[in-house]
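First to last, the sequence lines map onto chains A and B.
For the record, in the first sequence the residue sitting at position 149 is 501 according to this note's numbering, with numbers rising by one throughout.
For the record, in the second sequence the residue sitting at position 304 is 336 according to this note's numbering, with numbers rising by one throughout.
Bear in mind the hints are in silico, worked out from the structure with no lab data behind them.
Some hints here could point you the wrong way.
What the hints assert, rightly or not - So the derived list for chain A, only partly shown, Cβ under 10 Å to chain B, looks like this:
#1 GLU429
#2 LYS558
#3 GLY564
#4 SER566
#5 ARG573
#6 THR607
#7 GLY608
#8 ASP609
Claimed, not checked - Here are the computed distance ranges between Cβ atoms for each label pair:
#9 LEU576(A) to GLY40(B): 38 to 48 Å
#10 PHE356(B) to PHE568(A): 57 to 67 Å
#11 LEU482(A) to VAL202(B): 44 to 54 Å
#12 GLY428(A) to ALA139(B): 51 to 61 Å
#13 GLY169(B) to VAL535(A): 43 to 53 Å
#14 ILE375(A) to PRO120(B): 20 to 30 Å
#15 LEU482(A) to PRO120(B): 30 to 40 Å
Because the structure is a prediction, the values reported are computed rather than measured.
The beta-carbon is built from N, C-alpha and C at its ideal position, and this holds for glycine as well.
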Amino acid sequence: MSVIATPARQSTGGISARTVNRIVIYGLLALFALFYLMPLFVMLVTSFKTMDEIQNGNMLALPQAPTFEPWLKAWGETCVGLTCAGIKGYFWNSIKMVVPAVLISTLLGALNGYVLTKWRFRGHTLVFGLMLFACFIPFQSVLLPMATILGSLGRFGVTLRNATGFSFGLGNPTVNLVFVHVVYGLGFTTLFFRNYYEAFPTELVKAAQVDGASFFQIFRRIMLPNSMPIFVVTVIYQFTNIWNDFLFASAYAGTGDAMPMTVALNNVVNTSTGVVEYNVNMAAAMIAALPTLLVYVVAGRYFVRGLMAGAVKG
Amino acid sequence: MAFLEINGLRKQFGSVEILKGIDVDLEKGGFLVLVGPSGCGKSTLLNTIAGLETITEGEIRVDGRTINDLHPSKRDIAMVFQSYALYPNMTVAGNIAFGMEMRGVPAAERQKAIDKVAKVLQIGHLLQRKPSQLSGGQRQRVAMGRALVRDPKLFLFDEPLSNLDAKLRVDMRIEIKRLHATTGTTIVYVTHDQIEAMTLATKIAVMRDGEVQQFGTPAEIYNNPTNLFVADFMGSPAMNLIPATIGGNGNALSVVLQREAREPISLPLADAPTGLSAFHDKPIIFGVRPEALTDPEGAERNASNIATADCHIEVVEPAGSDTFAVTNLGGKAVVARLRADANIQPGTSTPLAFNLTKAVFFDPATENRIL
Numbered sequence: 353m354s355v356i357a358t359p360a361r362q363s364t365g366g367i368s369a370r371t372v373n374r375i376v377i378y379g380l381l382a383l384f385a386l387f388y389l390m391p392l393f394v395m396l397v398t399s400f401k402t403m404d405e406i407q408n409g410n411m412l413a414l415p416q417a418p419t420f421e422p423w424l425k426a427w428g429e430t431c432v433g434l435t436c437a438g439i440k441g442y443f444w445n446s447i448k449m450v451v452p453a454v455l456i457s458t459l460l461g462a463l464n465g466y467v468l469t470k471w472r473f474r475g476h477t478l479v480f481g482l483m484l485f486a487c488f489i490p491f492q493s494v495l496l497p498m499a500t501i502l503g504s505l506g507r508f509g510v511t512l513r514n515a516t517g518f519s520f521g522l523g524n525p526t527v528n529l530v531f532v533h534v535v536y537g538l539g540f541t542t543l544f545f546r547n548y549y550e551a552f553p554t555e556l557v558k559a560a561q562v563d564g565a566s567f568f569q570i571f572r573r574i575m576l577p578n579s580m581p582i583f584v585v586t587v588i589y590q591f592t593n594i595w596n597d598f599l600f601a602s603a604y605a606g607t608g609d610a611m612p613m614t615v616a617l618n619n620v621v622n623t624s625t626g627v628v629e630y631n632v633n634m635a636a637a638m639i640a641a642l643p644t645l646l647v648y649v650v651a652g653r654y655f656v657r658g659l660m661a662g663a664v665k666g
Numbered sequence: 033m034a035f036l037e038i039n040g041l042r043k044q045f046g047s048v049e050i051l052k053g054i055d056v057d058l059e060k061g062g063f064l065v066l067v068g069p070s071g072c073g074k075s076t077l078l079n080t081i082a083g084l085e086t087i088t089e090g091e092i093r094v095d096g097r098t099i100n101d102l103h104p105s106k107r108d109i110a111m112v113f114q115s116y117a118l119y120p121n122m123t124v125a126g127n128i129a130f131g132m133e134m135r136g137v138p139a140a141e142r143q144k145a146i147d148k149v150a151k152v153l154q155i156g157h158l159l160q161r162k163p164s165q166l167s168g169g170q171r172q173r174v175a176m177g178r179a180l181v182r183d184p185k186l187f188l189f190d191e192p193l194s195n196l197d198a199k200l201r202v203d204m205r206i207e208i209k210r211l212h213a214t215t216g217t218t219i220v221y222v223t224h225d226q227i228e229a230m231t232l233a234t235k236i237a238v239m240r241d242g243e244v245q246q247f248g249t250p251a252e253i254y255n256n257p258t259n260l261f262v263a264d265f266m267g268s269p270a271m272n273l274i275p276a277t278i279g280g281n282g283n284a285l286s287v288v289l290q291r292e293a294r295e296p297i298s299l300p301l302a303d304a305p306t307g308l309s310a311f312h313d314k315p316i317i318f319g320v321r322p323e324a325l326t327d328p329e330g331a332e333r334n335a336s337n338i339a340t341a342d343c344h345i346e347v348v349e350p351a352g353s354d355t356f357a358v359t360n361l362g363g364k365a366v367v368a369r370l371r372a373d374a375n376i377q378p379g380t381s382t383p384l385a386f387n388l389t390k391a392v393f394f395d396p397a398t399e400n401r402i403l
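Go ahead and model the full structure; you've got the sequences and the hints to work with.
Laid out in structure tokens, this is it:
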């Protein structure tokens, strides 16, 4: 964490102004860090407590007898709506939806960036401008039109199944969510890759052309292997966004077997019967947050590097 | 029939004409250098030969085959780029073999070709390294290796030495010349450096604003420039181009050079070009290279037409191998090239010998040579 350097001023005695500045700056940083970490701390601590301890003890106190029971219950037994089989099924629902959505949107973004920088055509700036515009469309405004489109696709899927015996995934809520997230993410992934490839030396593409490589061979052998930083950035960005999405998930897969993690978590917490099991709720929320946390830890060091890449030539 | 023929080549970007009818040809085993200031279209011309740019009009033929509309990989060419364009994710060996891999050459054959090229360029010990682990000169070699391994009909070099430091540039220049001599390949080479052009080429095309100003051997370009631009561009230090008038009468013409606060110099011309008589009493541009303007002892012995005149020396620049003296004639600074040990002081007058056999004359209105 860097600190804003303040010009040192001469002081006439006692503690120098510089030291005071340091104390103020670090004091503020510590305060804000505390502010940020407090909820996480409460969540973690609570998730390892028994219900008795929660009801009778201090919220900030460490667990007297740490127990994994709430985690196991959240994973395998807690009630989501009316079914009581834990959140594990919904966790896998999210994985099944997020992984294809992230990979497809990232690869398509890379392909778009490649075409928009290295195979320029008439009106390429307009196309890029429109794709950029997609980044600014609010979720809410596409909600209903998208529902109509997904409905039509679903009906087409039924027709296909009647005709061929196979619906090709049309109408499947997981496929629907993948489709929505790919379409919505395309603007961002294209923006990331276009800006990265803009600074990518065009002579490499020309050299590969002279060497006889085709459009896709150049993409696969030259562009992609040299796109690691921006690839990681895009994957982290897309993974976090899609995993955390609640609006699309609840609108298009809010009920039924394909319900993603975020919606399930909401249903766990919003139960209206019996005692509110804070420890189980906290454990479920932690489980829901873990994958994004994991992605940051594993790939995070590329994140800053990737965002900076291309900013400076060389 | 020439090996490389370019006929009436035009290239337009929208309404802007980048190449305005290029006609150039090159014999087999020749070394053609396209030289000119930046923005003259020389790199675009090279890219059209490579097939990386389309052409609007005209024809490009290599070894009797029209290649206008062929894909770059089908033209049997190899190209060395200014930035070397080595694939950063592949080893040196991978870089060299990439083209063969794309054409489906079997692995064993590829290895053989890599070894052969590595031996020629002495890069055998670098084969397993990545481009980022190489120095500038080594990258240059690998880039040439990637071109050499294809054994193409035509090599294209796009300012290959401009990223190297001065000393390495001279070394690599010699290396390229040696490579050309030993392999006998046909090369088209783009540069903005007129020394590279002079030293490497068998043919030079001097370009400006999308047009070939002059096309010929280095000696022709240097000694018989067709216009002011070529005269000024080729040669270092540049040719002295002095505003002058033609005096004298009938068969005995002379060049009259104005001087500050002194009477003009009149240099008698023994065998003036025939076109010059039309310019009697009219302004012309008198062109004389620094080495044709020297101290009388250092003047060329067997030149038939040498005239000597006293000149006021303003600046003396000892360069080690030569001494350059700057005087003022016709309102312009004029550089003379003297022997290194010439005893000459700034601020004094000294006789300088004009080798008029080597002098050239230009029409100031059209900028063309007067013949």
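To see whether the hints hold, each was checked on the structure:
no. : hint                               : in the structure
1   : GLU429                             : 49 Å, violated
2   : LYS558                             : 5 Å, holds
3   : GLY564                             : 3 Å, holds
4   : SER566                             : 8 Å, holds
5   : ARG573                             : 8 Å, holds
6   : THR607                             : 47 Å, violated
7   : GLY608                             : 45 Å, violated
8   : ASP609                             : 43 Å, violated
9   : LEU576(A) to GLY40(B): 38 to 48 Å  : 42 Å, holds
10  : PHE356(B) to PHE568(A): 57 to 67 Å : 59 Å, holds
11  : LEU482(A) to VAL202(B): 44 to 54 Å : 52 Å, holds
12  : GLY428(A) to ALA139(B): 51 to 61 Å : 53 Å, holds
13  : GLY169(B) to VAL535(A): 43 to 53 Å : 50 Å, holds
14  : ILE375(A) to PRO120(B): 20 to 30 Å : 47 Å, violated
15  : LEU482(A) to PRO120(B): 30 to 40 Å : 32 Å, holds
Checked against the numbered hints above, the structure breaks hints 1, 6, 7, 8 and 14 and satisfies the rest.
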